[in-house]
Amino acid sequence: MSDEASDERGASDPVRVRVRGIYTTALTRRFLDAGYEVVQASEPIRDRFDAEFGTGHHEVTVETTGDRQGVGVHGDPDAVESVTSHLRGVGIDAFAWDDPAPRGAVFDARVTDTRGSGAMCALGDGVEGFLPFRAVDRRIEEGDAVRVQVRESEPPWNDRRARLDAGVRARGGLATLVRGEEGVSVNTRDDAAGRELAGMTDLLGVSAPDGWGIEWSHAATDADMDALRASLERATERAETLESALDGEGEVEPARELARPGAGEWVWFGRASRFELDADRREVTTTMPGHHRTKAASESASAGVDLAEALCDPSGEFPFDVVTRQFGPVEGDTVGIGHGKPDGRHITLGRGEVVEWDADGTVSVKRQLTGGGTYDALGVPRESGDTALTKFREGRWWYPTVYRSAEGEVKGTYVNVCTPVECFPDEVRYVDLHVDVIKQADGTVERVDDDELDEAAAAGEISEALAEKARSVASSLESALSE
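Residue numbers for the sequence shown follow UniProt numbering, so the first one is 1 and each next one is one higher.
Calculated from the structure, these hints are not laboratory results. Among the hints, a few may not be true.
List of simulated lysine-lysine pairs, BS3-like, C-alpha gap at most 27 Å [unchecked claim]:
1. K341 <-> K391
2. K411 <-> K391
3. K341 <-> K469
4. K391 <-> K469
5. K366 <-> K391
6. K366 <-> K411
7. K341 <-> K366
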């Protein structure tokens, strides 16, 4: 931990974390056990734990991503590093990636394209963001240079870009300073509490830099003076850092990063990790088998879990048949194949029809293919009219795809080794582990791409434990297919 961060909290002070989203109960238990201080806890969390939760500022926020596949970790650099390192240990298939455009970072950007509601902006190093027209006080066109700040960042596994703003804000937890504003405002529906907080801000003895207004969050109305002062001090320090980086308002020179007052990382939880989190949550409150796996599927599935746990105390195995009968995918549905990469990318391998469904967790997806090129590793031509039949089984570390010609002749089988498969309503998800096993039409079996797995492990994209699991699975498949 840096000297600056240690001085702020004290050498032995715990990292203060604010947690939100579907993983909150499980992660709160993990954070408390690890010695972190969880603050601004929601009412259900306060009811579930026999613990004291502070109302003060936080150094890092852990929030469930919009697609419920993982969490974003954002805040002070040292705190983010500490929390992310802890989350990597949730399960064997938990991955973490740096956020190249974390919330609060300021860039000189180049407009690369304009669309109906905004502009696509290049931030540098292949990073892009989206700037809504309503966030800019002038007309912008392709090729223009514009100074922007990241308002909301996005995980690497989805195809959305970071949301940008032309204004500049310095977040300190309970307090945010807004450049170009003045005075004090409180973001709350409790008018009386808001007026009281605004009136006592001067008593904190912390002055915002010239040209910056103070905006308090609703949570600040319940915080004590020490917490308010600490939060305002942190926001002021960040505002001064940003002001220094923007000093002079010189010519915008895209594409470059000007300031990064905080850090960010994204953590993706695979199926095994979600079940580990189930065990943590079960220590605290009623938790059905597959709680996080089901909640990650869809909002309606998440609501169904809440109802089931409110009605009974479930036990046993994850009820794949019940969950998928209710929310999908089942026979006749169309699903995508979400091919995750260890570097954080997410590729859709196309969509197909579920032609077979079994209560044991097997979902067979058939795709009609177009012609052109050859099939990876198999080396046979890909022709119009070919079909691919892929059999996924929930929780399995591999899945096979059989390629056939328009006449039904087998062209070959490709077995992908991956993290445990999850069959969500709209998409089957996993992270590819590089090594694969193929079986040619003549029965020849070959193991491929071990070198890519070795390189990914050496680069730290895949843990050695996960790499060894992938090699073991590949060896078993190779033996089974050769019999």
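Check: Can you name, in rising order, the numbers of the hints this structure does not satisfy?
Finding: none
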